[in-house]
Amino acid sequence: MPHQNHPAIIKRLKRADGHLQTIIEMIESDRPCLLIAQQLQAVESAIESAKKALIHDHISNCLERPLKTAGPSGRALKEFKLIAKYL
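The sequence shown runs 45 to 131 under the working numbering.
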């Protein structure tokens, strides 16, 4: 069963892929390096955002249920979620 947020993650990655293709065209067209660097930064941010969303989705769907049934480790899960936002 796919995770709840996978469609949104796919959408982000497809958008980043489109931007990446544009960057390749910019390089081939000898566009200014500053503009290319700005676009590369935007792609990096989009991919980083998708990665974080995937990690949090994994925590919620693959880790949270088993830990909740384990009992007292629920507190550990909350702390793990808090730290994971910095990945």
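Calculated directly from the structure, the hints in this document are not laboratory data. Here the structure is a predicted model, which means the values were calculated and not measured. Incorrect hints may have been included.
List of simulated lysine to aspartate or glutamate pairs, DMTMM-like, C-alpha gap at most 20 Å [as the list claims (entries may be wrong)]:
(1) Lys-55 / Glu-92
(2) Lys-58 / Glu-69
(3) Lys-58 / Glu-92
(4) Lys-55 / Glu-88
(5) Lys-96 / Glu-123
Here is what the structure says about each hint:
With a C-alpha separation of about 14 Å, the suggested pair Lys-55 and Glu-92 falls inside the 20 Å cut-off, and the hint holds. The straight-line distance between the Cα atoms of Lys-58 and Glu-69 is roughly 17 Å, inside the 20 Å bound, and the hint therefore holds. Of the pairs offered as hints, the one joining Lys-58 and Glu-92 holds, with about 13 Å between alpha carbons and a cut-off of 20 Å not exceeded. A distance of roughly 15 Å separates the Cα atoms of Lys-55 and Glu-88; the hinted pair therefore holds under the 20 Å criterion.
A hinted pair counts as satisfied when its Cα atoms are at most 20 Å apart, and Lys-96 with Glu-123 qualifies at roughly 16 Å.
Going through the hint list in order, the structure satisfies each hint without exception.
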